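Make a model of the complete structure from these sequences and hints.
Protein chains in written order, with the working numbering: chain A, 1 to 139; chain B, 1 to 139.
Please note: incorrect hints may appear among the correct ones.
[Stated by the list, open to error] Straight-line alpha carbon distances no greater than 25 Å define the calculated DMTMM-like cross-link-like pairs of lysine to aspartate or glutamate that follow:
(1) A:Lys81 to B:Glu47
(2) A:Lys130 to A:Asp28
(3) B:Lys81 to A:Asp48
(4) B:Lys81 to A:Glu51
(5) A:Lys130 to A:Asp13
(6) B:Lys130 to B:Glu52
(7) A:Lys81 to B:Asp5
(8) A:Lys130 to B:Glu47
(9) A:Lys130 to B:Glu45
(10) B:Lys130 to A:Glu47
(11) A:Lys81 to B:Glu22
(12) A:Lys130 to A:Glu22
Everything labelled a hint here was simulated from the structure, so no lab data went into it. Here the structure is a predicted model, which is why all the values come from computation and not from measurement.
Number of protein chains: 2
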Amino acid sequence: MFRLDPAFLATSDVLASLALCEARLQLDARFPWIVLIPRLESVVELEDLTEEQGAMLLSEIGAASEAVRRIGAALGRPVEKLNVGQLGNITRQLHVHVVGRRPDDPCWPRPVWGQGVAEAYDPEALERAKAAARLALAA
Amino acid sequence: MFRLDPAFLATSDVLASLALCEARLQLDARFPWIVLIPRLESVVELEDLTEEQGAMLLSEIGAASEAVRRIGAALGRPVEKLNVGQLGNITRQLHVHVVGRRPDDPCWPRPVWGQGVAEAYDPEALERAKAAARLALAA
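Shown next as structure tokens:
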């Protein structure tokens, strides 16, 4: 049975249930950042996916990319580059990060993972970010 | 016309021409690490790929994953986790990193990108790594 690793509950908020993945907003106001977690049991690596699941994941990475761009626009910080990563060194349950980057963000040009400390959203910006993402993901 | 960004020539060695991508060994003995560069002009993000190109890339990420595992085995450091990343903050030409990780590697559990300094392979290990990767990529 699929069960979301508790680590995701602590660090992200639900955005949408897509065909394959749970899409969640990473609670780090430094970057527009969506995490996709396929609703599959005991899956750790991309190579564990069937061809069909891989195609669905790729399509949902595309949707999350657009959503991340919309979050950036809604917060007045348009995304200039996307970073997509599947790491899982700490939380093994397969998940893919889709992060919007800008040359003026605090980690540029390094990756965001394991850099510095997450910054809390202020409540109004959080609602704006979630609304923008959900609208994009529903399209 | 497709032209490999010179940055790749300086930091990696050719392994194989796959159906979509050039597969290259990253010249950093700290990690078994393959870079895939689609032979496409002016492509920067995953969302720039057609559905068919995306499926090819995913299949080649699978092949590179297996090749990275074979490099790790050939060097006596079996891969315990794969890290796959598409960043491009510095070199914009679309490329995907497939990196084999171990809890005893010098960056664990952080990502490898932008961490520390690449370590040169000794010539014998380099040949062994390339041979193992080429055998896997030819399969």
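Against the structure, the hints come out as follows:
no., hint, in the structure
1, A:Lys81 to B:Glu47, "11 Å, holds"
2, A:Lys130 to A:Asp28, "12 Å, holds"
3, B:Lys81 to A:Asp48, "12 Å, holds"
4, B:Lys81 to A:Glu51, "20 Å, holds"
5, A:Lys130 to A:Asp13, "9 Å, holds"
6, B:Lys130 to B:Glu52, "29 Å, violated"
7, A:Lys81 to B:Asp5, "18 Å, holds"
8, A:Lys130 to B:Glu47, "21 Å, holds"
9, A:Lys130 to B:Glu45, "23 Å, holds"
10, B:Lys130 to A:Glu47, "22 Å, holds"
11, A:Lys81 to B:Glu22, "22 Å, holds"
12, A:Lys130 to A:Glu22, "14 Å, holds"
The structure shown violates just one earlier hint, number 6.
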